[in-house]
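Since the structure of chain G is provided, determine the placement of chain Y on it from the hints.
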Amino acid sequence: MRLSETNRNVFINCPFDADYRACFEALLFTVMVSGYRVRCALEDDDAANIRFDKLRRLIRESPRTIHDLSRTELGENELPRFNMPFELGLAMGAKHFGGPKRRKNTALIMVRERYALPAYLSDLGGNDPAAHGGDPHNIMRIVSRYLHATPAGRLLPGPQSYVAGFRKFKEDFPGIAAGLEWHAAEIDPFANYRVYLLFLAEFVRTANRVSAD
Amino acid sequence: MARARIRIGRNLIAEPRRNAQARAALRALKRAMADFEGVEIAEPAVKPERETARAIKKAVRAFYQKHDAVERN
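Quick mapping for you: the protein sequence lines, in order, are chains G and Y. Take the first sequence: its letters are residues 1 to 213, numbered as in my numbering. Take the second sequence: its letters are residues 1001 to 1073, numbered as in my numbering.
The shape of chain G in the complex, shown without the other chains:
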């Protein structure tokens, strides 16, 4: 069964900081190359929009959600970061109270270490989060297993194919960016999310086109 454009949406709830950059890039690559559409709070940079409304809209439009709770830890101000668990709560609320259509919504919960979650979120004790250990390759393995099939219903390739494709993108990206007189480091997936995503989409499209030739 082919999924509609809306049903391709995958909402990503993860930390937006420099230490998470490699993991975030792996996440974006995996979702996109599998044929799904990344939805993320960074896509709307209009400061006039209220953040909560933005999150509500993204979750409402996404039947699949990916939540990385690996950095729910104390920040410089000695306070924990609650954004990721909060957005997971919103997604779970949508699934359970959002009506029949959203009851089919699914969620992937990722953590850094498998047994740490109950210590800070014991309400999720019955859920089975996937531990990635901060390794982008593990993230590709976990996310591709969660998506498991393309929106058209075809089985997705194994994790090694994702690793090879991602490595190629990382290898070629500086050369591609140089064509626009940009330094690859300037196209930060957080600070310059929209441009980064367009580069990635065009890379995947080009790969698809040349494979078909």
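None of these hints come from the bench; they were simulated from the model. Some clues are possibly wrong.
[Claimed, not checked] Here chain Y is said to cover these stretches of chain G; the calculated rule only asks that three of the stretch's residues, wherever they fall, bring their Cβ under 8 Å from a Cβ of chain Y:
# : stretch
1 : 116–126
2 : 141–155
3 : 171–185
4 : 188–199
5 : 203–209
[Said to hold, decoys possible] Calculated lysine-lysine pairs in the DSSO-like style (CA-CA distance at most 30 Å, straight line):
# : chain 1 : residue 1 : chain 2 : residue 2
6 : Y       : Lys1057   : Y       : Lys1030
7 : G       : Lys168    : Y       : Lys1047
8 : Y       : Lys1047   : G       : Lys54
9 : G       : Lys104    : Y       : Lys1047
Idealized CB from N, CA, C, for every residue including glycine.
Chain Y alone, transformed into the frame defined by chain G:
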């Protein structure tokens, strides 16, 4: 005129090397992404300005496609 001629000459010398690099990049791309052949890519949710989208598309294609010295001059 003379400067343009020198530029064309230089490009004709550099061109085979650049084309070979582009061909090699294209071959490696095909190899690395072969398992995703046929996966239909969803349009990104971000809406770029037309000029930005065009420039990015051009940059990616240029990286993998052969260069044409005379046309560029």
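Going down the list of hints, with the structure as the test:
1. A count of 0 residues in the stretch 116–126 of chain G with a Cβ less than 8 Å from any Cβ of chain Y is obtained; the coverage claim is therefore unmet, three being the minimum.
2. Counting residues of the stretch 141–155 of chain G whose C-beta sits closer than 8 Å to any C-beta of chain Y gives 4, which meets the bar of three, so the coverage hint holds.
3. Figure legend: the stretch 171–185 of chain G, annotated as covered by chain Y; annotation consistent (6 residues with Cβ-Cβ distances under 8 Å, at least 3 required).
4. With a cut-off of 8 Å between beta carbons, the stretch 188–199 of chain G has 6 residues touching chain Y; three or more are needed, and the interface restraint holds.
5. Note: the stretch 203–209 of chain G has 6 residues with beta-carbon separation from chain Y under 8 Å; the three-residue rule is met and the coverage holds.
6. The suggested pairing of Lys1057/Y with Lys1030/Y holds, with an alpha-carbon distance near 18 Å, which does not exceed 30 Å.
7. Note on Lys168/G and Lys1047/Y: the hinted pairing holds, with a Cα-Cα distance of about 26 Å set against a maximum of 30 Å.
8. Among the hinted pairs, Lys1047/Y with Lys54/G is consistent with the structure: their alpha-carbon atoms are about 16 Å apart, no more than 30 Å.
9. The hinted pair formed by Lys104/G and Lys1047/Y meets the criterion: a straight-line CA distance of about 28 Å does not exceed 30 Å.
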